[in-house]
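18 is the number of the first residue of the sequence shown in the working numbering; add one for each residue after it.
Careful: at least some of the hints might be erroneous.
Unchecked claim - Label-pair restraints from in silico Cβ distances:
1) 80 with 32: 41 to 47 Å
2) 86 with 19: 37 to 43 Å
3) 78 with 24: 42 to 48 Å
4) 44 with 79: 49 to 55 Å
5) 27 with 86: 36 to 42 Å
6) 83 with 33: 17 to 23 Å
7) 90 with 34: 25 to 31 Å
Hints in this document: simulated from the structure, not taken from any laboratory. Note that this is a predicted model, so its numbers are computed, not measured. We treat Cβ as the ideally placed atom computed from N, Cα and C, and that holds for glycine.
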Amino acid sequence: MPAQYLMKAAQRIVKESHAKSDCVNGQFLDTPIGKGGKVDDTSVVVGEIIEWTEAHTQIWSEVRRNRRWKDVISCGGMQCGMATRHSCSCEGDEDEKSRFRGRSEDASEESSDEEEGNCSIA
């Protein structure tokens, strides 16, 4: 991508972010917190424009795949056995759920492992 397009993109981002606090005559407005706008009008835009190559696609695909596996292994963020001393129950496909689904030894008939805060990989 030609450098002139990158420069125009950067200038446009800065101009748009300043537009909400500029006065008509180009001066910054006086506000209770000083010149330039209110607290909720301040923002920072950080970006980088890069050429997206096949190598980027492959790496990004691997990152996404690893995140999905991490979510499966960690029960969506909670590590098995970390929250309580109960064990995890794992399930296969839909037909096998009843065979593999279990309750922790301490869980009552009325509650499930999820309600008790235990990890259950579905």
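(request) Tell me, in ascending order, the numbers of any earlier hints that this structure violates. (result) Violated: hints 1, 3, 6, 7.
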